[in-house]
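Kindly generate the complete structure, drawing on both the sequences and the hints.
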Amino acid sequence: MDSSEAIEKREATTAEVEPTRGGRTYIPTVDIVEHKDELLLIADVPGATHDGIDIDYERGQLTVQARVVPRHPPERINYLLQEYGIGDFCRSFQVGEGIDADKIHAEIAEGVLTVHLPKAAELKPRRIEVKAR
Amino acid sequence: MFLARRSFPVMRMDTFRRDLDRLFKEFQSGFGNLWSLDERSYPALNIWDDGESICAEAEVSGFKMKDLEVTVMGNQLTIKGRREVSKKEGTTLHRHERFTGEFVRSMTLPVEVNPDKVDATLKDGVLTLVMPKTQAALARKITVKSG
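Protein chains in written order, with the numbering used here: chain Y, 1 to 133; chain C, 134 to 280.
The set of hints was computed from the structure by calculation and includes no laboratory data. As the structure is a computational prediction, the values presented were derived from the model and not from experiment. All C-beta atoms, glycine included, are put in the ideal place defined by N, C-alpha and C. A hint or two may mislead.
[Said to hold, decoys possible] Output of the computed footprint for chain C on chain Y, the stretches with three or more beta carbons under 8 Å from beta carbons of chain C:
#1 30-36
#2 47-56
#3 79-85
#4 107-114
[As the list claims (entries may be wrong)] Using 25 Å as the maximum straight-line C-alpha spacing, the simulated DMTMM-like pairs for lysine to aspartate or glutamate come out as follows:
#5 C:197 <-> Y:51
#6 C:221 <-> Y:100
#7 C:256 <-> Y:51
#8 C:213 <-> Y:31
#9 C:199 <-> C:235
#10 C:221 <-> Y:75
#11 C:213 <-> Y:110
#12 C:256 <-> Y:110
#13 Y:36 <-> C:222
#14 C:199 <-> Y:110
#15 C:220 <-> Y:75
#16 C:256 <-> Y:31
#17 C:221 <-> Y:31
#18 C:220 <-> Y:107
#19 C:221 <-> Y:110
#20 Y:119 <-> C:230
#21 C:256 <-> C:235
#22 C:221 <-> Y:34
#23 C:256 <-> Y:34
#24 C:199 <-> Y:31
#25 C:213 <-> C:230
#26 Y:36 <-> C:182
#27 Y:103 <-> Y:31
#28 C:256 <-> Y:107
If you want it as structure tokens, here you go:
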């Protein structure tokens, strides 16, 4: 093969999750807290309700999407001050393989989504017993 | 890592800010730094005039009504809030982006509103205030009739 025709193999960057619906999508602020048995992901998703949440965990990547019902004032209304926009939330995290995917669960209250990621058994700290011989 | 938390592309922010300053010179605000959550700029506010009332909305996830204090006096609106996050023993905080602590935001509205008729609702982390204008403020609106 002629070197000038060589096809360049391009390095894949992390795939970005693209929204399928129209409108703007925002990145929610999160806190990540590690407990003994689980990892907690807490996200501020104001305006989202439980039926609008999609959580996907695949190959160590956790993707959280929260649908927000539009609540803009009527078109004719002009804002006096507009410091934020209204739209869905979406964020992805590289969590690693040590999560028991079947046991992931989440709850939402007051616009705060808490995702529980229970650690897989091998990852939990285990006390190794040392027997005296 | 730069996280886009607000809707405005950086280029539009200057024009928007200039227009706003020009129209509402007396409008006090805590624009501050839109990209950081310090107590001057948290929470972000949206304010609009629907004719009869001034409406204000703030995204305050995780706050309950008892954690918030809304005061209206004349044409001054003040919103205070407090959210503590308790750190449990034996836990590691890997990331902390959400606002914690106390905030105070004060706004000068373009007209006087009636503090007795202010309606405040908190749903799914969104605080909505409907502040009806006073009779005097409504009467000041001048209609131009075609003659």
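Results for each hint:
no., hint, result
1, 30-36, "holds (count 7)"
2, 47-56, "holds (count 3)"
3, 79-85, "holds (count 7)"
4, 107-114, "holds (count 3)"
5, C:197 <-> Y:51, "holds, 21 Å"
6, C:221 <-> Y:100, "holds, 23 Å"
7, C:256 <-> Y:51, "holds, 15 Å"
8, C:213 <-> Y:31, "holds, 22 Å"
9, C:199 <-> C:235, "holds, 13 Å"
10, C:221 <-> Y:75, "violated, 46 Å"
11, C:213 <-> Y:110, "holds, 17 Å"
12, C:256 <-> Y:110, "holds, 7 Å"
13, Y:36 <-> C:222, "holds, 10 Å"
14, C:199 <-> Y:110, "holds, 13 Å"
15, C:220 <-> Y:75, "violated, 44 Å"
16, C:256 <-> Y:31, "holds, 22 Å"
17, C:221 <-> Y:31, "holds, 14 Å"
18, C:220 <-> Y:107, "holds, 20 Å"
19, C:221 <-> Y:110, "holds, 21 Å"
20, Y:119 <-> C:230, "holds, 23 Å"
21, C:256 <-> C:235, "holds, 20 Å"
22, C:221 <-> Y:34, "holds, 10 Å"
23, C:256 <-> Y:34, "violated, 29 Å"
24, C:199 <-> Y:31, "holds, 23 Å"
25, C:213 <-> C:230, "holds, 20 Å"
26, Y:36 <-> C:182, "violated, 50 Å"
27, Y:103 <-> Y:31, "holds, 20 Å"
28, C:256 <-> Y:107, "holds, 16 Å"
In terms of the numbered hints stated before, the structure departs from hints 10, 15, 23, 26, listed from lowest to highest.
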